[in-house]
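Peer 1: Letter by letter, the chains look like this.
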Amino acid sequence: MTTLEKLTSMAGALLLFGAVMGLILYIAGRFGERRAGKPVAFLFLLPTALLVAVGLVYPALRTIYQSFFDAGGTSFVGLDNFATIFTSSDELTVLRNTVLWVVVTPFIATAVGLLYAILVDGARMEAFAKALIFLPMAISFVGASIIWKFIYAYRPDQANVKQIGVLNQIVVWLGGTPVNWLVGSPLNTLLLIVILIWIQAGFAMTILSAAIKAIPGDIVEAARLDGVTTLGMFRFVTLPSIRPAVVVVLTTIGIATLKVFDIVRTVTGGSFNTSVVAYEFYSQTFSSSNQGLGSALAVLLFVLVIPIVAYNIRQMRATEAR
Amino acid sequence: MAIAGVLSVGLLASACGGSSSDTSSTASGASSGDCSAYTQYGDLSGKTISVSAGIVTPEDTAYIDSYKPFEDCTGAKVTYDGNKDFETQILVRARAGNPPDIAIVPQPGLVKQLVATGAAKPAPKAVADNVDKFWSPEWKAYTTVDGKYYGAPSGASVKSLVWYSPSEFKDSGYAVPTTLDELKTLSDKMVSDGKKPWCAGISSGEATGWPITDWMEDMMLRSAGPAEYDKWVNHQIAFNSAEPTKALDMVGEYLKNPAYVNGGLGDVTSIATTTFQDGGLPILDGTCSLHRQASFYAANWPKGTTVAEDGDVFAFYLPGKTAGDKPVLGGGEFNVAFSDRPEVQAFQTYLSTDTWANNKVAATPNGGWISANKGLDASKLSSPIDKLSADLLQDPKTVFRFDGSDQMPAAVGSNSFWKQATAWITGQSTKDTVDNIEASWPTS
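In order, the protein sequences belong to chains A and B.
Counting with the UniProt record's numbering, you get residues 1 to 322 for the letters of the first sequence.
Counting with the UniProt record's numbering, you get residues 1 to 444 for the letters of the second sequence.
Please keep in mind that the hints were generated in silico from the structure rather than gathered at the bench.
Careful, some of the hints might be misleading.
Beta-carbon label-pair distances, calculated as ranges [to be verified]: (1) B:ASN83 x A:LEU135: 31 to 39 Å; (2) B:ASN83 x A:LEU51: 53 to 61 Å; (3) A:GLY184 x B:SER192: 27 to 35 Å.
Here a beta-carbon is modelled for each residue, glycine too, at the ideal position from N, C-alpha and C.
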């Protein structure tokens, strides 16, 4: 396509968009002032609903459909792909890693963020201290992974070879021999989890710090007058007051953890038993050309996310209702 | 101003004249209006042909330049689109009914998948005739699916090479080995000289492990022979049968031998975490002496490294069992068409000629590209490693075989073979490795 052709088709698309919007507005205008409301709202909802259907609902249904077919997507195999996920040793490792990620990451990231938020609350240079831990949030997952790859880098213990990885340099300084960190499973998965915690702790800190600052001053005052200890203050005042925020942070990080793909792909490429569901479904679909298994993994991921999202929404509703 | 303008025009003109005279005669002939080689394609003015490939900047420039004589003489326009995710994208595009006119496909296995989508078009007779004329017969088999022929080879690479330092060999009195046994003896001699002879790296993102598949294919070709190799690739013998198991063990004698590896890079497991690009670099530091890797590794040496028989690094042919047999493992790309419009067929035919192969060499002045096309004028190749590779490909004693993992089904060739090879280098036994790969072979 030449530039001119691209411009023409772009202009065409804009005109079409304008025409559709004009039509909607015209139809909406035909309803009298009084009868407006629901029909108008539906009319405006229509384009969105249409796009969601084409871009989200149809692919989702299509993926579920494909998960019952073989690698090439031609013959029906029933639940075979799902059976593979829960029987093949490779896929079981993937499931184990995913469980490890989901269990460890949200809790540690939230705990670190919460601890930090409490420690810096009201301290001198609070904004600066917060900025420090928030900075990793501004880096892309791939960028963060490359930084940590250098931290884990391995060079042999040889006279003319210098360490280039921070972690191994420390090991050498302490008199140890360098370790090839990324090869040993399941330690390597934990080392990858550290990267996501490093990124997400700042997010947890920001939300939780705001929640802590929103605790009404008179409650804190009253507790102080009652002579509560520091630990007691946290246990009986702070934590109950920020509980909804903690739940939102936990679930949000939990969803992000289920979707983790970039870190695994950048640091190990799924080698050394580090693959997770979100990476495996991509690798099966595109590298191994196994559409069926790839779709089944995607469906599994979808099923795993549903309860977390449902819980998150219920919590938010409960908070709003108060 | 005027004088400067005239001067610069003059300089430009002379620069153009100079560049076309020292490149290929065909290319310069085309630009000066000699279109006799292109009259067979007819007048294609106003027609456009789209080409898609995984080759991106800066290497794509040479492709675009090599299409110019065709464009100038026929009036057709060729658009080139390079994409690093080509190998996954092309399948998606073929399935979605939106393929390019011509794709430069790097694997016979992928060609078969593309044919299976129903989007690929069989090549016209002129292309098949050219392939019969310019390539050795095994090349034709790679893109023949169900008796139909789908496209001519584009570039080629030679994988059976061992990189070394000529100056180190000279200083230490080592000779380039001519048999596998001599290679073993040489490695042992280096160990007794207090060296770690080999260095290797197999990390390559999600493709981690592929260099070991090349090692194994090379050993399979040497220990079992080409006929048995073909059976292995086509799954006529099981992956865990005796010969492949032996071949992998032969690789293990080198790569899993702590006395042999991994010079400057660590213990045996460091092979798994070293990128294949970094794998051979310790040769320059003198911490290792030998590195088995394809001809394209020439591009990985840092700027200022002389790649020549008397330079900083060079490569020798990974020897066969005896000095007499010459199995060569290699790779290459194929031009597959998704349209049978006359202009696309004309362009596809052009790409299968010796004219294009020589135009492509002329458009790649710094080297790094060869073809197995017999019409390729090897004397025009500028880089010594290209010459070595082209000589190997054109040697009548050579028995050429295409990269085996590239021909196996994707579930093996670009999944379990890589993954299991990686597990093997980090400690898994040879038996478990070949058993696991055999188990992953698709049943249908």
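Peer 1: Taking the hints in turn, state whether each one holds.
Peer 2: Hints, verified against the model:
Between ASN83 (chain B) and LEU135 (chain A) the Cβ separation comes to about 33 Å, which falls inside the hinted range of 31 to 39 Å. The hint said 53 to 61 Å for the Cβ distance between ASN83 (chain B) and LEU51 (chain A), and at roughly 26 Å that hint is violated. Between GLY184 (chain A) and SER192 (chain B) the CB atoms are about 33 Å apart, so this pair conforms to the stated range of 27 to 35 Å.
Going down the numbered hints, you'll see the structure goes against just number 2.
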